[in-house]
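Student: Starting from the given sequences, assemble the full structure and let the hints guide the process.
Here are the chains, one letter per residue:
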Amino acid sequence: MCDYRTAFLVLTMQPLAARKRAVINKISSNLGSAVADISDGATIMIGGFGNAGMPSALIDALIEQGARELTIVNNNAGNGDTGLAALLAAGRVRKIICSFPRQADSHHFDALYRAGKVELELTPQGNLAERIRAAGAGIGGFFTPTGYGTLLAEGKETREINGRQYVLESPIHADFALIKALRGDRWGNLVYRKAARNFGPIMAMAARTTVAQVAEVVELGELDPEHIITPGIFVQRVVKEAA
Amino acid sequence: MTQRYTRDEIAARVAQDIPEGAYVNLGIGLPTRVANYLPPEREVFLHSENGLLGMGPAPAPGEEDEDLINAGKQPVTLLTGGAYFHHGDSFAMMRGGHLDICVLGAFQVAANGDLANWHTGAADAIPAVGGAMDLAIGAKQVFVMMDHQTKTGESKIVAACTYPLTGVGCVDRIYTDLAVLEVSPQGLRVLEMVPGLTPEALQAATAAPLLFD
Numbered sequence: 001m002c003d004y005r006t007a008f009l010v011l012t013m014q015p016l017a018a019r020k021r022a023v024i025n026k027i028s029s030n031l032g033s034a035v036a037d038i039s040d041g042a043t044i045m046i047g048g049f050g051n052a053g054m055p056s057a058l059i060d061a062l063i064e065q066g067a068r069e070l071t072i073v074n075n076n077a078g079n080g081d082t083g084l085a086a087l088l089a090a091g092r093v094r095k096i097i098c099s100f101p102r103q104a105d106s107h108h109f110d111a112l113y114r115a116g117k118v119e120l121e122l123t124p125q126g127n128l129a130e131r132i133r134a135a136g137a138g139i140g141g142f143f144t145p146t147g148y149g150t151l152l153a154e155g156k157e158t159r160e161i162n163g164r165q166y167v168l169e170s171p172i173h174a175d176f177a178l179i180k181a182l183r184g185d186r187w188g189n190l191v192y193r194k195a196a197r198n199f200g201p202i203m204a205m206a207a208r209t210t211v212a213q214v215a216e217v218v219e220l221g222e223l224d225p226e227h228i229i230t231p232g233i234f235v236q237r238v239v240k241e242a243a
Numbered sequence: 244m245t246q247r248y249t250r251d252e253i254a255a256r257v258a259q260d261i262p263e264g265a266y267v268n269l270g271i272g273l274p275t276r277v278a279n280y281l282p283p284e285r286e287v288f289l290h291s292e293n294g295l296l297g298m299g300p301a302p303a304p305g306e307e308d309e310d311l312i313n314a315g316k317q318p319v320t321l322l323t324g325g326a327y328f329h330h331g332d333s334f335a336m337m338r339g340g341h342l343d344i345c346v347l348g349a350f351q352v353a354a355n356g357d358l359a360n361w362h363t364g365a366a367d368a369i370p371a372v373g374g375a376m377d378l379a380i381g382a383k384q385v386f387v388m389m390d391h392q393t394k395t396g397e398s399k400i401v402a403a404c405t406y407p408l409t410g411v412g413c414v415d416r417i418y419t420d421l422a423v424l425e426v427s428p429q430g431l432r433v434l435e436m437v438p439g440l441t442p443e444a445l446q447a448a449t450a451a452p453l454l455f456d
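Line order of the protein sequences matches chains A and B.
As numbered in the numbering used here, residues 1 to 243 make up the first sequence, in order.
As numbered in the numbering used here, residues 244 to 456 make up the second sequence, in order.
What the hints contain is simulated information worked out from the structure, not anything from laboratory work.
Possibly wrong hints are sitting among the right ones.
Capping the alpha-carbon separation at 27 Å, the derived lysine-lysine pairs in DSS-like fashion look like this [what the hints assert, rightly or not]: (1) Lys316(B) with Lys95(A); (2) Lys156(A) with Lys383(B); (3) Lys383(B) with Lys240(A); (4) Lys394(B) with Lys194(A); (5) Lys240(A) with Lys26(A).
Tutor: Below you can see the structure in the form of structure tokens.
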């Protein structure tokens with residue numbers, strides 16, 4: 001089989017002239033191609049806290065693409081009629097993992113939930129963040145004090161550590177993360193804007209394929225390495241949010 | 244008829260107990276009003292769960308920025324010196340014990356400091372928890388501000404919570420329209436009462452034993 005070492009040998013044994021300069025380019029040419037391979041039943045993390053950081057252009061492309069029976073991970077369950085709310089209204093979501101579904105403007109989720117058409121896994125927000133982060137960091141589970149002694153810890157393993165009670169929580173992995181950033185380059189490096197950062201950096205770590213919609217695609221080197229928030233290793237695709 | 248503090252007066256009373264230099268999270272709803280009573284010359288760091296430290300007041304009309312909101316998803320500003328960070332860091336600030344004080348609303352608080360503030364337990368309710376459970380167990384001090392009684396006159400301070408819990412034994416102080424109470428190992432200690440209220444009347448309005456020094 002072609003392991004890392006044989007691949008290296010093959011590459012180094014080729015005559016110099018035959019070697020083609022491979023340019024790493026994670027920029028997708030359009031929103032549709034950036035989400036084209038999302039299949040029915042996929043687990044998708046969607047960035048954002050309310051509408052701040054919500055990758056609405058990618059969600060619109062996903063609605064058009066048509067994937068169904070999705071499991072969605074987000075802090076909320078849609079606000080108003082756009083973004084995640086539109087995906088729910090289109091009937092594409094089977095299950096949602098979130099911390100705060102019920103809000104004044106969560107009418108699409110509310111109706112689906114009351115009709116028994118969407119499953120809810122409610123998670124305290126810090127556990128949600130840490131479960132996502134844990135998946136991205138290769139952690140198999142963690143003990144957290146949050147939720148101990150409450151309904152949201154029922155049936156879960158608990159342990160006393162140094163005199164304090166903890167609950168065992170598991171990582172959340174995803175097939176895709178759809179996130180919103182301010183700028184990205186062709187290596188996938190990202191910077192965000194204000195509080196729209198929220199779940200973006202940790203979701204990028206936790207998904208097999210992370211797609212970032214950005215307001216602006218910049219050349220390599222334009223992002224100050226001291227200021228890059230998400231290094232490109234966590235990002236597979238970058239796409240401009242509007243043509 | 245006993246005088247009761249208004250909600251703004253409760254907020255002002257809570258603000259008195261927030262010292263300079265404190266890192267503070269104000270829960271959504273009533274507790275956000277506490278910010279209105281922090282004197283401008285006192286440097287207090289307000290944390291918002293969605294990734295802000297040094298949160299400032301609401302912007303002037305027309306200056307709202309959809310990327311700069313608080314935990315209640317209302318537009319806010321960032322003070323000079325403030326910082327943005329992601330959700331992993333934001334909740335590490337809570338869960339790691341870095342916040343000095345959080346102020347939360349409540350449905351019920353029990354004499355042992357148990358807190359119920361996220362779910363009424365009603366069968367048709369859609370539950371939502373947000374960051375309440377993380378704040379309840381994470382901040383060094385948990386202050387609750389609430390009305391002493393429900394609209395129908397039942398005590399919200401109870402021997403044991405009947406609503407689903409947010410956290411076990413996590414509340415340190417309770418600020419109500421009638422009194423300021425401390426949760427101590429001996430029980431609920433009354434620190435202050437509204438003018439004109441007698442200990443007997445406060446005890447009659449409270450469904451848990453009170454200690455008066």
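Student: Look at each hint and say if it fits the structure.
Tutor: Structure-based check of each hint:
no., hint, result
1, Lys316(B) with Lys95(A), "24 Å, holds"
2, Lys156(A) with Lys383(B), "26 Å, holds"
3, Lys383(B) with Lys240(A), "43 Å, violated"
4, Lys394(B) with Lys194(A), "40 Å, violated"
5, Lys240(A) with Lys26(A), "12 Å, holds"
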